[in-house]
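Please put together the full structure from these sequences, using the hints given.
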Amino acid sequence: MSALDRVDLELLSALSDDPRTTVVALAERLGLSRNTIQARMARLDQTGVFLSYERAFSPEVLGFPLQAFISIGLRQTELPRITAELARIPEVLQVHGLSGSIDLLARVACRDARHLFDTDARILSIEGVERTETSLAMGEVIPYRVAGLIGLARREP
1 MSALDRVDLE
11 LLSALSDDPR
21 TTVVALAERL
31 GLSRNTIQAR
41 MARLDQTGVF
51 LSYERAFSPE
61 VLGFPLQAFI
71 SIGLRQTELP
81 RITAELARIP
91 EVLQVHGLSG
101 SIDLLARVAC
111 RDARHLFDTD
121 ARILSIEGVE
131 RTETSLAMGE
141 VIPYRVAGLI
151 GLARREP
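Be aware that the sequence shown starts at 1, since it is given in UniProt numbering, and climbs by one per residue.
If you're looking for bench data, these hints aren't it; they were derived computationally from the structure. Predicted model, so just to flag it, every value in this text is computed and none were measured. Every residue, glycine too, gets a C-beta built ideally from N, C-alpha and C. Any given hint might turn out to be false.
To be verified - Taking CB as the label site, the calculated pair distances span:
1. 146 <-> 99: 18 to 24 Å
2. 115 <-> 56: 43 to 49 Å
3. 134 <-> 83: 14 to 20 Å
Structure below.
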């Protein structure tokens, strides 16, 4: 990925402030043409700057109020297949690969404790998964954010 210039950082900052802002509003805010904004956004998209265009919403509104993190230990040689099988479990919202004694950390959403127990059992039944440990999410205290990083990137030479 190429380095981000001042305009890219201003554009990302504006999108961080208001993710639903229009291209016209971005152009006005940054003092650039609509075409320039569209071209920059296309380049940022092509280089992998934007993680997703999926609208984020609470699983609770779909009837899945219980969220948990499941730490997964596995046979390393089976990682790609296990990851593919985890992706087929609809309750699995997100999975991160980790270093250390835990190999994967899965975020799941379930209807209730029984549903969580069953989801954990499905994960544990995947060939190559050796152990799991479940921690209930009591609440999100700091949501995903990048605005602070944009500020730091602006200050670096």
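Mind checking the hinted window 14 to 20 Å against the Cβ distance between residue 134 and residue 83? Given a distance of about 19 Å, which is inside 14 to 20 Å, the answer is holds.
Regarding residue 115 and residue 56, is the given constraint of 43 to 49 Å on their beta-carbon distance met? With Cβ atoms ~22 Å apart, the hint is violated.
Starting from the hint 18 to 24 Å, judge whether the C-beta atoms of residue 146 and residue 99 obey it. For residue 99 against residue 146, whose Cβ atoms are near 22 Å apart, the range 18 to 24 Å holds.
Of the numbered hints stated above, the single one contradicted by the structure is hint 2.
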